[in-house]
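Chemist: Single-letter residue listing:
Protein chains: 2
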Amino acid sequence: MSDLVTRLRRHQWRMTPQRRVIAETLDGAHVHYTADEILERACERMPELSRATVYNTLNELVALGEVLELNFDGRSKRYDPNVDHEHHHLICDGCGATKDVHTVADPLDWLPGDERHGFAVAKASITFRGRCPECREAR
Amino acid sequence: MSDLVTRLRRHQWRMTPQRRVIAETLDGAHVHYTADEILERACERMPELSRATVYNTLNELVALGEVLELNFDGRSKRYDPNVDHEHHHLICDGCGATKDVHTVADPLDWLPGDERHGFAVAKASITFRGRCPECREAR
DNA sequence: ATCCTAGCTTAGACTTCGTCTAATGAAAGA
DNA sequence: TCTTTCATTAGACGAAGTCTAAGCTAGGAT
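Residue numbers (this note's numbering), protein chains in the order written: chain A, 184 to 322; chain B, 184 to 322.
Be a bit skeptical, because a hint or two may be false.
Below, in silico cross-link-like pairs of lysine to aspartate or glutamate (DMTMM-like), each with a Cα-Cα straight-line distance of 25 Å or less [stated by the list, open to error]:
1. K260/B <-> D256/A
2. K260/B <-> E298/B
3. K306/A <-> D289/B
4. K306/A <-> E220/B
5. K306/A <-> E243/A
6. K260/A <-> E243/A
7. K260/B <-> D297/B
8. K306/B <-> E269/A
9. K260/A <-> D210/B
10. K282/B <-> E231/B
11. K282/A <-> D256/B
12. K306/A <-> D256/B
13. K282/A <-> E269/B
14. K282/B <-> E252/B
15. K260/A <-> E298/B
16. K260/A <-> D256/B
17. K260/B <-> E220/A
18. K260/A <-> E252/B
19. K306/B <-> E249/B
20. K282/B <-> E298/A
21. K282/B <-> D210/B
22. K306/B <-> D289/B
23. K282/B <-> E269/A
24. K282/A <-> D256/A
25. K306/A <-> E249/A
Computed beta-carbon distance windows for the label pairs [claimed, not checked]:
26. R197/A <-> E231/B: 50 to 56 Å
27. D186/B <-> G296/A: 25 to 31 Å
28. P316/A <-> P200/B: 44 to 50 Å
29. C226/A <-> E269/B: 42 to 48 Å
Since the hints were made in silico from the structure, they are not lab data.
The beta carbon of each residue, even a glycine, is placed where N, CA and C say it ideally should be.
Produce the entire structure from the sequences given, and follow the hints as far as they go.
Modeler: Next comes the structure, spelled out in C-alpha cells:
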C-alpha cells in the first residue's frame, strides 16, 4: 500500500481505482516523471485510463500539497511525491532526468538583506545542472 | 547602441535589422520578458517582424551564451540578457515579478559528492521565493 | 559598385503539452 | 439499494514553440 494513498485518505478524497493507480505509480517513482510518463506506466495496470484523468489527478494532488510540481526545462512538468523533506534538484541537461538531492545547509541564509528588495523571502531552492552517467557517455 | 549588439559582433553574427531590434529590445529590459512580449515591443519599431524570427533569434542568443533562458512557472520562457555576472532569482509568489539577486558564495560547493549520483555537475542556481512589497500589503 | 551565395526571414502548418466540455459512470452516504 | 454528487472519458480546443519551403539579403568576392 502506497504511503501517498494513506495520506490522501486523510483529505477525504474520493478514492477511485484510477486515482489509486496514479498515486501508486507516482509514489513508487525514484525519478520525477512527466504526466505522460505517469500515464504510460499507469496504463500498464489500467489500459483504459485516460489522459484527462491523469492531468486532473495530478493537479489535485498538487493543490492538496501532497505532490510538488516541478518545471525546469520550460517543456513538460514533472511531479515529485517527496514533499516531506526539504530537498533540491539535480537535472540532466541531456535527457531532462530529475533527481532529489540534499545540501549541507539552507540557502535562504545566503541572500543578504540588501539583496532582498523589500521582499518577505520564504523559500529557497537550488537547481543543480549537469549530465547524468548515460548522457555523459552518449556525447 | 546596445551593449548586447556589440558583443554579438564578436560572434561573427550576421547583423540584420530584425536581429538588431530584437537584441536592443532585450538589452533595454529591466524585467525579463517572454518571447511574445519581446515580439510585441520589437514590433513597435518594426511592424513586419515575424514571430518565427523572434524565436529563432532568442534561441541563437541562448546558444551563443549571450542570454539566459528562464522558466519558473512552466508556462512561457523568459529571457535574461544579464549574463555577465553570476546571479540568482527572486520571484514574487503573488505577482510573478522576477528580480536578479546576488549571493555570497557559489552553491555548487554545497552539493556533497555522494549526492551527485554520477552526474557531471556544472551549474547551480538558486530560486528565492517570497512576496514583494506590493503583494505583502495587498494580502 | 555589382554579383553571388550562404544563411536569414517569412507565413502558416505543425507539434507538444495541457485544459475544457459534455456525456456517461461510479463512490459512498442515506 | 437508491440517490446524489463527484469522477472519468474521448476528443475538441488552446497556448507556446518549432518546422518548412519559398523568397530575400548581408557581406565577402570580384
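Chemist: For every hint, state whether the structure bears it out.
Modeler: Hint check:
As the CA atoms of K260/B and D256/A are separated by approximately 9 Å, the hinted pair is consistent with the 25 Å bound. Restraint check for K260/B and E298/B: not satisfied, since their Cα atoms lie roughly 29 Å apart, outside the 25 Å limit. Between K306/A and D289/B the alpha-carbon distance is near 18 Å, which keeps this suggested pair within the 25 Å criterion. Proximity of K306/A to E220/B is assessed by CA-CA distance (about 28 Å); at most 25 Å being required, the pair is judged violated.
Between K306/A and E243/A the alpha-carbon distance is near 22 Å, which keeps this suggested pair within the 25 Å criterion. Proximity of K260/A to E243/A is assessed by CA-CA distance (about 14 Å); at most 25 Å being required, the pair is judged to hold. Restraint check: the Cα-Cα separation between K260/B and D297/B comes to about 32 Å, which exceeds 25 Å; the hinted pair is violated. At most 25 Å may separate the alpha-carbon atoms for a hinted pair to count; K306/B and E269/A meet this at roughly 20 Å.
Distance hint between K260/A and D210/B is unfulfilled; the C-alpha atoms sit about 29 Å from each other, more than 25 Å. Taking the CA atoms of K282/B and E231/B, the gap is near 31 Å; set against the 25 Å cutoff, the hint is violated. With a CA separation close to 19 Å, the supplied pair K282/A and D256/B stays within the 25 Å bound. The suggested pairing of K306/A with D256/B holds, with an alpha-carbon distance near 15 Å, which does not exceed 25 Å.
Between the alpha carbons of K282/A and E269/B the distance comes to roughly 24 Å, so the proposed pair stays at or under 25 Å and holds. Distance hint between K282/B and E252/B is fulfilled; the C-alpha atoms sit about 14 Å from each other, no more than 25 Å. Between the alpha carbons of K260/A and E298/B the distance comes to roughly 23 Å, so the proposed pair stays at or under 25 Å and holds. Restraint check: the Cα-Cα separation between K260/A and D256/B comes to about 10 Å, which is no more than 25 Å; the hinted pair holds.
Distance check on the hinted pair: K260/B and E220/A sit about 23 Å apart at the alpha-carbon level, within 25 Å; holds. Our distance criterion of 25 Å between C-alpha atoms is met by K260/A and E252/B, whose separation comes to about 17 Å. Distance check on the hinted pair: K306/B and E249/B sit about 16 Å apart at the alpha-carbon level, within 25 Å; holds. With a CA separation close to 10 Å, the supplied pair K282/B and E298/A stays within the 25 Å bound.
The suggested pairing of K282/B with D210/B holds, with an alpha-carbon distance near 15 Å, which does not exceed 25 Å. Between the alpha carbons of K306/B and D289/B the distance comes to roughly 9 Å, so the proposed pair stays at or under 25 Å and holds. The suggested pairing of K282/B with E269/A holds, with an alpha-carbon distance near 24 Å, which does not exceed 25 Å. Distance restraint check for K282/A and D256/A: the Cα-Cα separation of roughly 14 Å lies within the 25 Å cut-off, and the hinted pair is therefore satisfied.
Taking the CA atoms of K306/A and E249/A, the gap is near 18 Å; set against the 25 Å cutoff, the hint holds. Between R197/A and E231/B the C-beta distance comes to about 54 Å, which sits within the given range of 50 to 56 Å. For the pair D186/B and G296/A, the supplied restraint of 25 to 31 Å holds, since their beta-carbon distance comes to about 30 Å. A beta carbon spacing of about 46 Å between P316/A and P200/B agrees with the range 44 to 50 Å that was offered as a hint.
Checking the proposed 42 to 48 Å range against C226/A and E269/B shows it holds: the Cβ atoms sit about 44 Å from each other.
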